[in-house]
Amino acid sequence: MDSSVIERIIDKHHGEAGSLIQILLDIQNELRWLPGAALEMVAEKLQVPMSRIQHTVTFYKAFSLVPKGRHEINLCMGTACHVRGATRILEMIETVTGLQPGETDADMKFSLDTVNCLGCCAIGPVMEIDEQHLGKLVPDRTAALLKKYD
Amino acid sequence: MINSLTELEQFRQGILSKKDPDGIRVSVCAGAGCLASGAGKIIAALNEEIEKQGMQDRVLVKGTGCPGFCERGPIVVIDPDEICYLQVKPKDVAAIVSKTLKEKKLIDRLLYAGPGKDEKTVREADIPFYKNQERNIIGNNIKIDPKCIDDYLALDGYSALAKVLFQMAPEQVVDEVKKSNLRGRGGGGFPTGIKWDAARNAPGDTKYVIVNADEGDPGAFMDRAVLEGNPHSILEGLIIGAYAIGAHEGYVYVRQEYPLALENVGIAIRQAEEYGLLGSNILGSGFDFKVKVHRGAGAFVCGEETALLLSLEGKPGEPRARPPFPATRGLWGKPTNINNVETWANIPLIVNNGADWFNQFGTGKSKGTKIFSLVGKIKNTGLVEVPMGVTLRDIVYKIGDGIPGGKKFKAVQTGGPAGGCIPEEHLDIAVDYDELAKVGAIMGSGGMIVMDEDTCMVDVARYFINFLAQESCGKCSPCREGLKQMQRILTNITEGNGKEGDIELLEELAMSTGSASLCALGRTAPNPVLSTIRYFRHEYEAHIREKRCPSYSCEKLVSYYIDPQACTACLLCLKNCATDAISGSRGQIHVIDQAKCTRCRSCYDVCPPHYGAVLRFSGESVPEPIPVERRTLVEKSKAI
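Sequence order for the protein chains is S and L.
Sequential numbering from 1 applies to the first sequence in the working numbering.
Sequential numbering from 1 applies to the second sequence in the working numbering.
In short, the hints are calculated from the structure, not lab data.
Where chain S lies over chain L, by a calculated footprint (3+ residues, C-beta under 8 Å):
#, region
1, 204 to 218
2, 370 to 381
3, 571 to 581
Since we're looking at a predicted model, the values are computed, not measured.
Note that the Cβ used here is the ideal one computed from N, Cα and C, for glycine as well.
Please construct the entire structure, taking both the sequences and the accompanying hints into account.
So this is what it looks like as structure tokens:
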């Protein structure tokens, strides 16, 4: 972990404890997860107890305490996608990747997460892989789509 | 820097005079929905093609806000003729440029087609989806490039702010908002003017105003469309509110799951600062106001105002008891006024047109228009803005064009996860705060999810309770434990493990969770359970008593079976089965191995309707598979 990255982010927010969430979001966006060493640096620089940082990073869903795989799958479980069969898509993704939501596989290929709503209900059920939206999913096509990634 | 009212008007005239009156303007919806279906490629292709055909001096291409017709995106509107092309693909671009832009000819296949095949609609405003709306707030989205403040100024933007700063005292502004009877659009429905008054009258020199853009209801994206598509309308409302209340600092709290909204709001703030519409001495009036953006880190409960405030202070968003209300003790303990995106966007309209104008829309106690996100089993998915009081039937059938695939309507769910399901018998109610409450639902922030005969209402209740259980912050036990127990019972029922007494127990848990919880999340949580029991009790009973899901939706209660009489051994289901649960070959009748089947329904979906060989069973056992020796397909004619 490059500690200058963390320092730069903390400086950008003037080292204010009130900006804790914003600082953690910036680190998450930069490193794609929150390593323990980074959290310790934040605690020290902002003079915020580690317990509060732990409380915060486990409270908000945007934070990940484990590294993410090369391809991040975000499957929409919004209501519109749900009534259009998102659960069946989830089960198919679980079958193909062997992952449960929140997990990353051993060779760091996929990370699977479900999200509350991607807001493109017209093309639901929809998932986002590496920031690309794949819509109008049906189980068998989803399985075929996932096989294209390496 | 614009330093006075006169300078603002001169500047506006400057923008307008620079517009080429004969110029062609091509607007492409660049909202998140259309971008997901490829709008970015259309914009790039248009620019390239226009240059190739040497038309760049006469044609202006703009990526704009979302006009709401997500179902038919990407959407392209060509002005001045208002030609509306739908579901445009990159390969259509060359024809759009050479035919429509150059030769003024229409491309039929891209126009909206009515029920009759030859009925084509050219103008956006004539398409039934739009024609039956009253688009006071989102109507401007397609006319504005949200990254360009001049586009907003060209449409009289910031004239309401100028009017307030130079012609109205803060009390007058509060009075006008009170007279408009505007109620909070985020879900609470509290009168905005009264809220403003409380914050204005609260003692203290430092006060805050906040835009609550933590839109977390699944299936709802009204606020995102305004944030992405017309961010200056929200900022203008916010500055007016700050002036009325006496605040000099404000925040826009946007969930980080909306990257485009964050980007566009950030750009809008910077441009407004450069123009002197934000910052010190706004328009030379002596009024100071600055705005910061705060990204939400993904917690549904932060839409609740006391949780949102804690989150703004950098802490976990766990709601606290009210009173004291934020109007007296809010951010950092100071008086704070929080309104939802759509509420703020209404303010410039009320200031410019007057409270009487606003009162002409809507019903007795619910005035103005409301944006709904119409999604689910509906032909026209999209954003719909209608005056309060329009019937649900009109929204679903006139604007939404009904249910796709010839299916039967079952219910509309309104109000987000804590809303209620409204059955067909109440489709004629007028949609406003009070009428929705009477049938056990709520207005909420404006989510409207349409459900058809394939949707299981017990599963819907389980889905929402599951959502709320995951999002409950855990601070108060009625919400934390009540939701958990309801979740357990509902899961049991949908998996075939329900028992007599479960419905009554659910009702009891729902009542106690609703009356004893600390914040709105727990207090409204019973709605999905109680409204589905109220209108669809028979579905609960079928699950519990007969282990049957009448909608064939609850996987554990449904099995699939291939009818040997109807199977033509076409291999279609076999090829589409991801778990290789189907055996057979060409000439060999296909058979599902029930042990391997994951009930994904692919076989049922792909089997051509005229064969209809895949049958569903629920509440009864699947017939034994046909013996191996009888699986060879016999030609029907020979068999007779």
